[in-house]
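With these hints in hand, go ahead and build the complete structure from the sequences.
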Amino acid sequence: MPSENKLDMATIVASSIHDIKNSLSIVLNSAEKLSENTQKFTAEDLHSLKELRYESRRLNNNFVQLLALYKLENGLYFANIDNHDVHDLLEEVVFENQETLALKGISIAMDFAGSIEWFYDRELMLGILNTMINNAYRYAKSKIALSARECEDGLFIYINDDGRGYPQRMLGQLSQAMISIDFITGNTGLGLHFASAVMALHNNAGRHGDVQLNNGGALGGALVTLFLPR
Amino acid sequence: MAALWSLQRRKILIVDDIPEMRSMLRNTLFQFGADNITPAATGEEAIELMGRQTFDLVLCDYNLGEGKDGQQVLEEAKLRNYLPYSSVFIMVTAENTSLMVMGALEYQPDEYLSKPVNRTVLQGRLRKITEKKDALKPLSKALSSGNKQVAVTLCQRYIEAGVKNRYELMKLQVELLIHDLDLVAAKAICGKALLDRDFLWANFSLGKIAYLERNYDDAKRLFECVLSANEAFVSAYDWLAKIYTKQGDTALVQSSLEKAVAWSPKSVVRLRSLAEASEINANFEAAESLRKRVLRIGKNSMMRKSEDFSCLAAVLLQQDKHGEALRTVAQLKQEYKGDVNASLSAALAEEKIFLTTSNLEEAEKAAKLAVELYQSSPEAISNETALQLTALCISKGNDDLAQNIVEQLVNNNHDDQTLLDQVAMVYKDAGREDEITHIVSVARKEMISVNNQGVKLLEQGALFESIALFEKAMLLAPHNQVLNINTAQAYIMAMKKHGSCREQLASTRACLDFAHDNPDLAERYKVLNNAYWAIASSTGQKKNA
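Sequences listed follow chains A and B, in order. Take the first sequence: its letter number 162 is residue 162 in this note's numbering, and every next letter is one higher. Take the second sequence: its letter number 500 is residue 500 in this note's numbering, and every next letter is one higher.
Derived by calculation from the structure, the hints in this document are not laboratory data. Keep in mind the model is a prediction, meaning the values are calculated, not measured. Some clues are possibly wrong.
If we take Cβ atoms under 10 Å as the criterion, some of the chain B residues that face chain A in the derived model are [to be verified]:
hint, residue
1, Met24
2, Arg26
3, Ala94
4, Arg119
5, Arg166
6, Tyr167
7, Phe199
Ranges of calculated distance between the beta carbons of each label pair, as one might list FRET restraints [as the list claims (entries may be wrong)]:
hint, chain 1, residue 1, chain 2, residue 2, range
8, B, Lys132, A, Ala218, 32 to 38 Å
9, B, Glu66, A, His47, 55 to 61 Å
10, B, Pro378, A, Gly75, 49 to 55 Å
11, A, Asp85, B, Glu224, 29 to 35 Å
12, A, Lys33, B, Glu66, 46 to 52 Å
13, A, Arg230, B, Lys246, 37 to 43 Å
14, A, Asp85, B, Leu79, 27 to 33 Å
15, B, Leu79, A, Gly105, 50 to 56 Å
16, B, Glu335, A, Asp85, 46 to 52 Å
17, B, Lys132, A, Asn62, 43 to 49 Å
Note that the Cβ used here is the ideal one computed from N, Cα and C, for glycine as well.
If you want it as structure tokens, here you go:
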């Protein structure tokens, strides 16, 4: 049961976020509208538009993470795990990000056909995937690919790009303990911390979800693997 | 096919307190072909609009500023039957994580959307959900005609065909079966779902089923198991409170409900139960603040009842706050002018207040008014108010009227032990236990004998005599569940033999609906309900032919 104080703080945070999200919605919508008609834009205008779209998306992802982590820490969050279509999930991530990425000359594709149903907290998974795409935005040269594969133990979701990949010291399976303060510094670290915390929430029959960082894959750059147990 | 999907001709309601958000959403929906959009700025306005027409699609922001929030809009719309199964209700939230509490609430929207809403994502979601609902049209039809049995069968057909939303349909099946108290079938479906995954709803439903089977220990274990997985699953606290009520543990009733209220502070029904529990435990200060919250949150909604005022007055009186108690009664009279039950409960409250302030003349006046109101329309009086009036009559020495009221209460509820106990308590408090045992047993015997006599006539095939007897008894005891189910049986046998008519079908339905939630009558209800639908559907076919 939440103590009165925790709930009060949660209410304050929630109503501030509500306000901020409304502003962000309007900012993003205005940016989308600007993007519809860019013929008369100078290169500088285009650059500003690109920054505007990317940074407001980043702000949004940060809010999602911040609030989720705050609630997890305070025992105010319980994963809302239900069965969803993985194809729909990845498709939404493509829809959500393709325009912003296109402005920077990056294409995003889904290398996955058919339909797999799986159990997860859809909103949290969207939060992770959007965050991962936002990371890839900074490092990818021209391509990002999303895919998924079912195996005996569970489901793997991959986010691959054609950038220079993660530094050697970051590779391997992420665990909460490994993510030091030093590691968290910077947006990438916070995003990974969030991803690892959320994946750990996804457990079934004694097995937990996790996040793995690798380099390579079909595109040769960073390869993030999210694992959801069966 | 993608190009063919559109929101054209769908009646759409957009609820958001911020004008820019409303117009943004509206412009986006226009791009998807929407041509019938109504905007609303508050929850209250949304409810009013939904009362005037059925919307196919409601996009409602969770956070609506001062008044009702999105969850309250959803709950009230569902309770008022403004949202048929064919309608889609989408909750728009600013923070994805607020869903964690909402995900555990009793009333669920069809879909959640978190802000900022991306246009393409919105299009995808709307398309999927409207296509899903359109594919389930036969199910919507069965549900809105009230034919639960056909609805359950249809769900089964969709599930076997391998639809994506099969767990949602299984959950719906379980709800429908529990409503009709077909507990064995409901249990089987929960068991099947649990083989695939540890679904909270399945464990929760098993808890409800165990409660209805009076296996309180099993029920308790199941609800606690749900709460250990998600302590924000508020309905589980409500059901635990019900178990503790049955077991007479008033302290645990209160603490369970307090936990539920901490997670979900705006439910009027729950606040009211907590106020009652606090009063029983003599926590009058807490009860007073809860009663006031009920009045504040329930303002301008169907959720608020006249009893909320009289209960506040009573708890104020407990604490010797006479002036405030009188003002509360005045407000009650003001807001429920012309409502006999409310006026009567106001008079009863006034009588008590004047009595404690030794204003005997006014107390006498109030008591007289209460009696007059009862005699003007006894059928409009709730059980609660009737019990209070009985106590007043006994204290005034008006034994005849007290006996009248009790007889009517027993006639309507002769097999409701809780109520019979309450009646006995009123007499016991007045030190007259012996009398009541006699009055209740005479009235009860009479009711039992009417029922037995009618059933015997049925068995002998004297259908019309049986119906005549039951209909006469129904005038005296319209709310008696046993009588209702017997009357339904007589109607059904008559319709089978002599053919059906619309009027008799409607009367049968009304009788059955009145008896549906009594576990002791569940088996008979099931059989008769099936027979009812068999007759109703063949009547419909003949009409169509």
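Going down the list of hints, with the structure as the test:
1. Met24: This interface hint holds because 5 Å falls under the 10 Å limit.
2. Arg26: violated, 12 Å
3. Ala94: Holds, about 4 Å.
4. Arg119: holds, 7 Å
5. Arg166: At about 9 Å, which falls below the 10 Å cut-off, the nearest Cβ of chain A leaves the hint on Arg166 of chain B intact, so it holds.
6. Tyr167: It holds, given that the least Cβ distance between Tyr167 of chain B and chain A is near 6 Å, below 10 Å.
7. Phe199: holds, 9 Å
8. B:Lys132 <-> A:Ala218: 32 to 38 Å: Since the Cβ atoms of Lys132 of chain B and Ala218 of chain A sit about 34 Å apart, the hinted range of 32 to 38 Å holds.
9. B:Glu66 <-> A:His47: 55 to 61 Å: Between Glu66 of chain B and His47 of chain A, where Cβ atoms are some 43 Å apart, the hint is violated.
10. B:Pro378 <-> A:Gly75: 49 to 55 Å: About 53 Å separates the Cβ atoms of Pro378 of chain B and Gly75 of chain A, which means 49 to 55 Å holds.
11. A:Asp85 <-> B:Glu224: 29 to 35 Å: holds, 33 Å
12. A:Lys33 <-> B:Glu66: 46 to 52 Å: violated, 31 Å
13. A:Arg230 <-> B:Lys246: 37 to 43 Å: Holds: the Cβ-Cβ distance is about 40 Å, inside 37 to 43 Å.
14. A:Asp85 <-> B:Leu79: 27 to 33 Å: For Asp85 of chain A and Leu79 of chain B the Cβ distance comes to about 32 Å; the hint holds.
15. B:Leu79 <-> A:Gly105: 50 to 56 Å: holds, 53 Å
16. B:Glu335 <-> A:Asp85: 46 to 52 Å: holds, 50 Å
17. B:Lys132 <-> A:Asn62: 43 to 49 Å: violated, 33 Å
The structure fails to meet hints 2, 9, 12 and 17 from the earlier list, while all remaining hints are met.
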